[in-house]
Amino acid sequence: MKKIKLISLVLSALLATSVLAGCSSKNNESAGNSQAGVAKDVKITFLNSKGEIQAQMEEAAKAFTKDNPNIQVEVIAAPAGGSPFEKVTSMYASGNAPSLSMLDPGDILKFSDKFLDLTNEKWVADAADKSLDVVKTNDGKVMAFPVTVEGAGIIYNKNVLDKAGVDPKSIKTTKDLEDAFSKVKAQGIAPAAVAPMDWSLAGHLLPVAYATQSKDSKEISKFLDDLKAGKVDLTQNKQFNGVLDTLDVLKKNNIDSKDPLAGTYENDQQYIGSGKVGFWFMGNWAWPQIKDFAGDNSNFGFIPVPVSNNSGDYGNAGIPVGVTKFIGVDKVNNNADQQAAAKKFLEWLVYNKTGQDILVNKANVIPAFKNITLEPNDPLGKSIKSYMSSGNTIQFMTILPPDHWKQVGASMQKYLAGKIDRAGLAKEIQDYWKTIK
Amino acid sequence: MNQEKGFFDKLKTYLVFAGPTTFAFFTVILLPFIFGIYLTFTDWNGISASQSFIGGKNYFAVFQDKAFWSSFLLTLKYVFFTVIITNVLAFLLAYLLTSGIKAQNFFRSGFFTPNLIGGVLLGYIWQFIFSNILVYLGKNFNIPIFSSSWLSNPNKAFWALVIVGVWQYSGYMMIIYIAGFMNVPKDIIEAASIDGANGFRRMISVVLPMMIPSFTVCIFLSLQRTFMVYDVNLSLTKGGPFKSTELISMSVYNKAFLSQQYGVGQAQAFFLFLMVALITIVQVYFSKKMEVEA
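Heads up: the protein sequence lines correspond to chains A and B, in order. The opening residue of the first sequence carries number 0 in numbering that gives the first Met the number 0; numbering runs sequentially from there. The opening residue of the second sequence carries number 0 in numbering that gives the first Met the number 0; numbering runs sequentially from there.
Among the hints, erroneous ones may be present.
Think about it this way: if two alpha-carbon atoms lie no more than 27 Å apart in a straight line, the pair counts; the simulated DSSO-like pairs of lysine-lysine are [what the hints assert, rightly or not]:
1) B:237 / A:49
2) A:250 / B:155
3) A:426 / B:287
4) A:257 / B:237
5) B:138 / A:418
6) A:184 / B:101
7) B:76 / A:227
8) A:251 / A:61
9) A:381 / A:214
10) B:288 / A:433
11) B:185 / B:288
12) A:436 / B:56
13) A:129 / A:436
14) B:138 / A:275
15) A:384 / A:121
16) A:251 / B:287
17) B:237 / A:86
18) A:426 / B:56
19) B:287 / A:227
20) A:352 / A:121
21) B:237 / A:250
22) A:257 / B:138
23) A:109 / A:227
24) A:157 / A:135
25) A:257 / B:4
26) B:56 / A:109
27) A:157 / A:257
28) A:39 / A:65
29) B:65 / A:433
30) A:290 / A:49
31) A:436 / A:140
32) A:174 / A:140
33) A:230 / B:65
34) B:76 / A:418
35) A:290 / A:157
36) B:287 / B:185
Computed spacing ranges between beta-carbons, pair by pair [said to hold, decoys possible]:
37) A:67 / B:120: 52 to 62 Å
38) A:251 / B:54: 46 to 56 Å
39) B:103 / A:198: 40 to 50 Å
40) A:422 / B:79: 28 to 38 Å
The set of hints was computed from the structure by calculation and includes no laboratory data. Glycine included, C-beta positions come from ideal geometry on N, C-alpha and C.
Chain A on its own, in the form it takes in the complex (with noise of 0.2 Å):
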């Protein structure tokens, strides 16, 4: 009997200390108030959702941890193809989360009885312009920091263009794209790719037609909330229709025409690099997939998505570009010490030589900050800079609903593959916004 209660006791004691450690990693968040100068060992973690950069982030760890002895930084990788929003919400959940996540835009501000308010970071003022508009609360606050600036348009080769005779600085229409194709054609290469994945179609595409309704950001959240309120005729809409006139014209071309599903990321991103297509729809992400096709060969760039057969139309000039990631700081679970050690990082990625060159160099990210003046040194990033720096652009629209590229995708799929007409496509993507709260 004694034994019993002997171990029985001994399990009771147990389990009251682990209720209390459970609590104890909450007390945390009041406790350890930071002495400047005193250096103590603290251990912060990185959510990065870029899988491509998943390398260059960890060097960046090591980097800074040479130069700050005290503090180390684990990177996480959030899981390819996967949402970072529902990792971040589960490590949340677990009472685990990461010091430093990094989100789309659009979830960002879901976060803000979450994440620390870093407007008074000192590189809040290099930021570039209106590039932390979208993660800005309505009484002004910063929430996060921007990582990297993303384009996104159809992408040439400019060696297969060259064979064929087309200059790409000559595309301004859709007839000017159509007119090209056949060129490219003529030489008895298939003139374009599509990529029929939903997030490709529906997050990138389709978004032309809503950022080219206005150059005002305004108006195009106007446009969306009217879109939600069912008072938009899509059929009826000139960019909607234009962007779908460029996508039959691609869809015409497209050397998966016959089987325009079966098309896959991997595939296309072979073909544009080889030179067995002249044209592929996609953003300057997919740089390092195509480097490995293309050899020796950097002639590469962007046009835009031509919306009309009107050169000066809003939109035929300038292609999508936009902060695509931002990292925001956790203060609900951790400590004081760890948030000062996470500022402290994102401020040596914009401010150390090493941050900035693995950032831009290693990384090949395009970053959002004035002060870096690195030049990006692949084809697709240096075709965004320079239309960038002469002002054509539009809109990159990251603050659709999350389920946008999903839900709208699958329609867009429909009318690659022919199932569902115009009409049917514009009804489909009215009825979706309809649901939207």
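Given chain A's structure and the hints, the job is docking chain B onto it.
Just chain B, lined up with the frame of chain A:
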């Protein structure tokens, strides 16, 4: 000594032996389940600190959600075909591999192997087969059915899912059926032969009734697994082309985490739980009734 013990002594003994398990069961199964049901009555988005009680609105939304019902019907269709084909195939394989053919142990482990490969990996392997290898063969040998990728056609993509599901589960079910075959007492079969029953008669009247327990287990397992399938669905078709192969688990997951309507997703999951529980209980109840004693 047992009679002398009072309630508290019994409780103490219970806590010492079953306490940890009960505690674990409560914390990781029962509490999350109850909390999950509570969440179906809120408008939580998965992250915000506050949530407000909105009553039965989420359930109302579930019944209005056309996409949910179409993927529920698709799942029923998938379950129907996969369960039947898996069990028929597994039964035939088990019959063959207990009839004493050469190298039967080798074949047994061979057919069981797919079950050891994780669903995600398996999906990717088959994705490669369906969209590359078969297309390559189809183009070079002029086989029209393989000339374009199965995964880009809604109907063929559905059958691709069924094929992979059957391929994955039939080995596992085969093992259970083999155990069933080996448990049929030899003396009854012998008695039946002496009475003049031929092979087919013996199968129908002796072996099948004796194997009802195996059927109960196999059908239950395959029902429950195919209803809940997610990994193969994700890696093989991702619900595409254009969401035409989005099975119910994926639909629930997307609702909760992608559309960030956690309450509605949770309500769908709870509805799914009720349906699967109902169907499997009915199935187990009726097949139990059919069991006989030797």
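Evaluated hints:
no.	hint	result
1	B:237 / A:49	20 Å, holds
2	A:250 / B:155	23 Å, holds
3	A:426 / B:287	51 Å, violated
4	A:257 / B:237	22 Å, holds
5	B:138 / A:418	24 Å, holds
6	A:184 / B:101	59 Å, violated
7	B:76 / A:227	34 Å, violated
8	A:251 / A:61	49 Å, violated
9	A:381 / A:214	24 Å, holds
10	B:288 / A:433	51 Å, violated
11	B:185 / B:288	24 Å, holds
12	A:436 / B:56	14 Å, holds
13	A:129 / A:436	26 Å, holds
14	B:138 / A:275	19 Å, holds
15	A:384 / A:121	24 Å, holds
16	A:251 / B:287	60 Å, violated
17	B:237 / A:86	19 Å, holds
18	A:426 / B:56	26 Å, holds
19	B:287 / A:227	53 Å, violated
20	A:352 / A:121	16 Å, holds
21	B:237 / A:250	23 Å, holds
22	A:257 / B:138	13 Å, holds
23	A:109 / A:227	20 Å, holds
24	A:157 / A:135	40 Å, violated
25	A:257 / B:4	80 Å, violated
26	B:56 / A:109	22 Å, holds
27	A:157 / A:257	26 Å, holds
28	A:39 / A:65	15 Å, holds
29	B:65 / A:433	14 Å, holds
30	A:290 / A:49	18 Å, holds
31	A:436 / A:140	24 Å, holds
32	A:174 / A:140	45 Å, violated
33	A:230 / B:65	23 Å, holds
34	B:76 / A:418	22 Å, holds
35	A:290 / A:157	14 Å, holds
36	B:287 / B:185	23 Å, holds
37	A:67 / B:120: 52 to 62 Å	40 Å, violated
38	A:251 / B:54: 46 to 56 Å	52 Å, holds
39	B:103 / A:198: 40 to 50 Å	48 Å, holds
40	A:422 / B:79: 28 to 38 Å	35 Å, holds
Violated hints for the displayed structure, listed by number in ascending order: 3, 6, 7, 8, 10, 16, 19, 24, 25, 32, 37.
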